[in-house]
Each structure stands twice: as C-alpha cells, then as structure tokens.
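Visitor: Each chain is listed here by its residues.
Protein chains: 2
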Amino acid sequence: MKTTIAKLSEHVGEEVTIGAWLRNKRSSGKIAFLQLRDGTGFVQGVVVKSDVPEEVFQTAKNMTQETSLYVTGKVVEDSRSSFGYEIQVSNVEVIHAATDYPITPKEHGTEFLMDNRHLWLRSQKQHAVMKIRNEIIRATYEYFHENGYTKIDPPILTGSSAEGTTELFHTKYFEEEAYLSQSGQLYMEAAAMAFNKVFSFGPTFRAEKSKTRRHLIEFWMIEPEMAFVEHAESLEIQENYISHLVASVLKNCKLDLEILGRDTAKLAKVTAPFPRITYDKAIELLKEKGFDDIEWGEDFGAPHETAIAESFDKPVFITHYPAAIKAFYMKPDPNREDVVLCADLIAPEGYGEIIGGSQRIDDLELMEKRYEEHNLTSDAYNWYLELRKYGSVPHSGFGLGLERTVAWLSGVEHVRETIPFPRLLNRLYP
Amino acid sequence: MKTTIAKLSEHVGEEVTIGAWLRNKRSSGKIAFLQLRDGTGFVQGVVVKSDVPEEVFQTAKNMTQETSLYVTGKVVEDSRSSFGYEIQVSNVEVIHAATDYPITPKEHGTEFLMDNRHLWLRSQKQHAVMKIRNEIIRATYEYFHENGYTKIDPPILTGSSAEGTTELFHTKYFEEEAYLSQSGQLYMEAAAMAFNKVFSFGPTFRAEKSKTRRHLIEFWMIEPEMAFVEHAESLEIQENYISHLVASVLKNCKLDLEILGRDTAKLAKVTAPFPRITYDKAIELLKEKGFDDIEWGEDFGAPHETAIAESFDKPVFITHYPAAIKAFYMKPDPNREDVVLCADLIAPEGYGEIIGGSQRIDDLELMEKRYEEHNLTSDAYNWYLELRKYGSVPHSGFGLGLERTVAWLSGVEHVRETIPFPRLLNRLYP
Ligand SMILES: [Mg+2]
Ligand SMILES: [Mg+2]
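So the protein sequences, as listed, match chains A and B. Reading the first sequence from the start, the letters are residues 1 to 430 in UniProt numbering. Reading the second sequence from the start, the letters are residues 1 to 430 in UniProt numbering.
To be clear, the hints were calculated from the coordinates, so they are not data collected in a lab. One or more hints might be untrue.
Put simply, identical chains are the same to the list, so a pair is met inside one copy or across any two.
[Said to hold, decoys possible] Cut-off 30 Å, straight-line C-alpha distance, at most; resulting in silico cross-link-like pairs (DSSO-like, lysine-lysine): (1) K25 <-> K269; (2) K106 <-> K326; (3) K30 <-> K74; (4) K389 <-> K125; (5) K389 <-> K7; (6) K74 <-> K254; (7) K389 <-> K266; (8) K172 <-> K266; (9) K25 <-> K7; (10) K211 <-> K172; (11) K314 <-> K125; (12) K281 <-> K269; (13) K389 <-> K172.
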C-alpha cells in the first residue's frame, strides 16, 4: 500500500510503502535508525539486521543524507516520538543516491542558506514555517468564503499609482509605461460596489531600499473591502478574522509550532475582542514610558509600536491617526476633522503592524478636494472618483500583510523565512 | 434587522433593512417595482402607494439608476421570480442619488464597456461570471487542501527565465535586471521535493502581442506539482480536480449559470475519467476530418484543438507530443525517445487548451544534456539542476489557466470578461 507519512495513522499495523528522503541516520552493527521525511511529515524507520536480507541492511546503513528512496515496512505507534509513529522497515529501495548535500546538520550562515533556499526549504524548521503559512492561507479562504465575500483579483500591472511612483517597479507595457501594484485597494473599492464584500489575496511589490527584518520587496497581501460597513464594524471583522487565523494555526499546526519552539500560551490569548486605543492615547502612553522622540502628528516607528504592544497581551488597534500622516482616501472623523476613521493593528511580542485599514471617503466633493491636494488630476484616476458619483455608499476595508502574520504566529525573527523564495535588496536568487 | 439579499431566505416574514442600489424600476400611479442589487444578489422591492407615506412613494418612484439606498420591508417568497423572494417595501432612504449613470439598459460597444469596467462589473452578466470565477477559486483551494497539498507561492520577480525573454516584462531590480514570471513551475519542482504535493495560484504575465479571444497579458494560473507521481497518476489527479470544479460550479452557481444562459447539460457530462488520445492519433483524426495543414511534428492551432474536442463530450487529454515542440524539462517516453510524457487537456465546445502538464526529467545527466542544448549554462539555473543532484525522484505537474476555465464554465466568448480588470494589448485602464 503506497501512502505518505501524514497518513500513517490510518495504517497502524499494516505494511506500507512510502517515497521519502533520508534526513539523517545512526546505526550500530545490528540496527539502523533512519530519520525520514517525505514532505508531508517526518518519521523514523528502524532497520533490524536480523529481520531483513543482508543487502537491505547494508543499503540502509550506507545511505547518504537526502538520498531518495522507497521504504517498505510495518507502521507501529511510538508514543516516545513527537511524530507518533515508527516504521519497522522490511525493505529499502534507493531511487537516487545524493552525494555532498550542502546543508549538513551543522550550523550554516544565513547568506549560504538563502543561496540554497531551494534546498533549505527541506529542513524541519523552514518546513514548519511554510506549513503555518499554508494554514494561514487556507484559513483565510475559509473565513472570507464562509462569510459571503467574493474573491476579486485586482490587476498587478497598472497604468497609474495613487501613492507616488518612487517605490514602484516600472516596466514597459508595449507603447505605455506600467507599474507593479503595491496595493489593490482602489480596485477593491470598485469591486465592493459590485459585489458588496470582497477580498483580494495576491502579491504586491515595493521597490524600497530598506533592509529591516520586517520588509520584503515582494510580499503577499489580503485586502478585504466591505460596502455598507463603517469603521467600528470593520474593526470587529478584523478581530474576528485574526482570531480565526490564530485558532486555526493552534489547532492544525501543533507539531509545526512545537518544532519551532513557539510559546503557544501567548497565542492562545489572542481571541476577539482586541483592545482599541486612539492615536492620542498612544502618544500619551509613549510619553509615560519615557519616549521623548515623538510628538503628536508624527508616525510611529518600530520601537514605538513595540512599546505600545507591550502594554497588551493581544493585538491592539491604534485608531484615529492624524489625517496628515495617512492616505488621501481615508474618511475624516465627523466629530473632529484632523483625524481619520482608521486603525493599524499592532501584533504582540514586537512583530509590529500587521493590518492597516480605514473607512473610505464616500463624499464626492471631499474626494475632489483630495484629488486637487494630491495632484491626482490625470485621467488615470477618473474611474476611482466615479465610485463616489454613481451610488456612493459608506464602505471600509483593510490590508493584512501575510508574511508579518506568518512571522508572528511562527515566532520567527525575520520575514525572509516566511515566504518560499524571498526577494530582498540584492536577493533575486534562487 | 440589517441583512443582505443573499440571506433573505433566513428572514421570510420578517422586516429587514438592506443596503442596495437601484438597477431599474417601473411604476404606475399606485405601485412601484424596484429592481435592486446589493452585490450579494438581486431582488425586487414592491412599493404600494396606499401602504407607505406619500414621500416614501414619491422617493421610490423618482429614484434614478444606480442610486444607493437603504430599503426596509417585509420578506415574502415569490415563486415567479428566479431570485425566489420579494420585499414589500415600507421605507426607502436614499444614501446617494446617482445621475447620468453611463451604462444604461441599452446596448453598448465593448470598448466603451471596457473603459467603464469599474462600473460594468455591477451588471448582471458580469456579476455572474465573477461569481463563477470566485467559485472556481474556492473549489480549487478546497480540492488541493483536502488532498494534502501545500500552497507555495513562487516568486513573480525572477532574475532568469528558462523559456526565452522576448515575451517577458522586464524591470530594473535595483542594480539588477528582473523579469515578471510567466510560470512558477521550476520553483514548484523545488517545493515538491520539500513538501511532496504543492500547488501555486497566482498571477502570471506574458508580453505577447496577440489579440485572440483566448489570450490575456496578465492571467492567473494554478500550478500543482507532485513528488513520487508519474504521468498516468498525474492525469487522474487532473481529471478529478476538473470534475470537482465543474460539480462545484453546477451546485453553487445555479442562478449565475441561468443568468448567463449556460447549457448546463453539457457541463453535467464532465465527470472523470476523461478520454485520452495520443498526439499520433490526434494527427490521424485531423487527417480524417480533412485537415491538410498539419503534419506530424507540428503544434496544434486553435482550429485543430476545436476539431479534436468536437469528437468528445468531455475534456480530452492529448498525450505524448513530439519532444521537439515541448518544454526542455519534460521526460521522454522510455519506450520512444521522440515523444514526451506530457498531456494537454482540451476543453469541449471550442474553449481550447486549459491544462498543460507533464512528468519532469529526473535524471541528472539527461537534464545536463538539455541545459547544453538550450544554452541554460548561466549560474542562474544552477539551483534547478541541483534538484536532480540531491535525492531526485519521479515527479509530475501541470498548469491550469484560470481565465480559460472561467470562460468555458460560464460559456463566455472572450477571456476579457473572465477577470475583474483585464490587461490586453492597448488596455491598461481602468
Ligand atoms: Mg504604521
Ligand atoms: Mg498547446
């Protein structure tokens, strides 16, 4: 019976065959322990010299790291192993003998591992991070589809950019000039007027020369947009969605979290509702904590976000930022024009901002004023203005950065380990 | 109770409020029929003059197309309507009065509609196509996640391209030159060695100056790749996946298919297994049908694919193409070196190729030979070669074009209507 490691629990007591790779082994004259992986999981294969033909034992004993093989044997429960099962090997058939696999069990430098990212992904920790990423993706589709959202794919190639062009990648588009999108939001607003509740989930691009542990050049964003939803309801949607992600990872990635040594008690606290503080209060809080490098009207840096997050054991919404430091399309607070109906969601434990969102301006005249202030007079932006012309409605939306969320839930330091093939300043390979 | 049109069935007999837009109306002196949409569905609101305050009736009667409003009323079943329900309106509150909405119930030209794509998406047929697209996306994640696949996102920005650079978009990547990916497959092969069964689902780009009804510049692809899976098993996976998509759309998009006038009897026949014919047989079949413009060794054009598809009422796999007209990484048939273990899946009804796939070369020496033949000697391709060096295993994969699949299942003629904001030669707006 051909199967995979992930399905061994269905075959206890049976003889199975799995395709696998050898991660590591140890052996004596009488027994060989094979550490196997097949991509779906990890398991130990035990080869007892006296139970198998001599050439099978010799083959098992002499296999090199990352050799591919078909292993046949009986599945038994093994309560000592975190994998839960073991294979009592009766046969080993080498598919391809690997020699000099570059990533050995010893320590390697980050640049070396990044150069070998196509192989590094096979290692246990990188595998665990990608399984958590996969679960976040799965749970995202589950959440939005179960809640009646339509997936809408905004274009990547755009002929215009509302947020300045210096941090954008350019490309020639036949006779025109195009840019790679760094947010699909404006398109998602058009889609919300057609489909009510929509979400996008795709790659975005920022040609930013920054080298922090929170930045990637190419990263994935989830951007929901909801018609007839105002600021307060949007925050409720956000906290419910994040709670769903955390609960899904806790439930379905137990072994991955264990492999990564993640403190799951901290994640278990992340249940809706989340605390909300205004930007005003956040500034006060920072002053109390002794920060004298920030004044009302300035944006927070990573140290500020971390200090604010430390006061809470859940993600915290910072709301009502000054209009001047936020995007042109955010709706002013009707009670106070100098702040906008927006919120950033700051993750605990120093992982920084994972969501930015707001209610959008729905008034045509105010949007026309913003167009003038921001010089958006080119025909390229007509279509976005028209959303306020033909049946404008209150609407809100937000953007979640996938890689920062993976970093937070996995507990990894740097976002470069949260995407299969990271694109960084000076890294376009592999 | 605030709700949406999609949820009216849960509120029969109750008074509800929905946010909506006016699609169309007709009225007499005593009654007004409002055709409403809210993005989740369509419903008729009935306003009886004698049942509501005079100003409510006047407001309802005078509303213009695409005006946004809150409608309050009682939900009643209506078996005459394909939507199933009707609202007996007690109040209407205009949110924003639209004037001169450009897309009227009369006929408009395609270029005009494409220029107004941000609004055209609100119309009933475009809405239906996007709901079918959404269902195909949902069912894709469902299929692959339920079958143990890990979602892996290959990079869009790449420093190299194995398939020539003329049809690629270029961009400056800081000090380097980068390309927009037209397939993530090579990366997915690396991922399959780490995760066993993987799939990608993201945008791809082809700077092709073609203007056919089957081509987009920016389109979405699903690219699964499976370790330890050989050609025959890969075809079974493909037919099961496609059958799942078709069954999901038939089950969950009934109204959308009806709005589009789709012949669902034809779709209902699409159940696994699908017929398989070799390239050799396909050439014979074309000769029998009188085609004299194709010889063994040449690739099929759209008319050939359509003619072959006409012989079957299900999608058909054409297998074992000549190696010379297929990609360098496809595995030769061990029994016959001039053909490869590949298949294209041709949709019925003239919708053309929706899948291309193959078993991949796993032998290092043969791949090195291909590298020489195709001049892939740059260091940029080392990593891909290394997959054959460290525990190479038999593996197969395929790529499904999302938009062609949407076109087929929706029954729309041109792929430009199958993506929210199409990118075409000369179309980068909106
Ligand atoms: Mg911020
Ligand atoms: Mg073809």
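Visitor: Enumerate the violated hints, using their earlier numbering and listing them in ascending order.
Guide: Violated hints (numbers, rising): 1, 2, 7, 8 and 13; every other hint is consistent with the structure.
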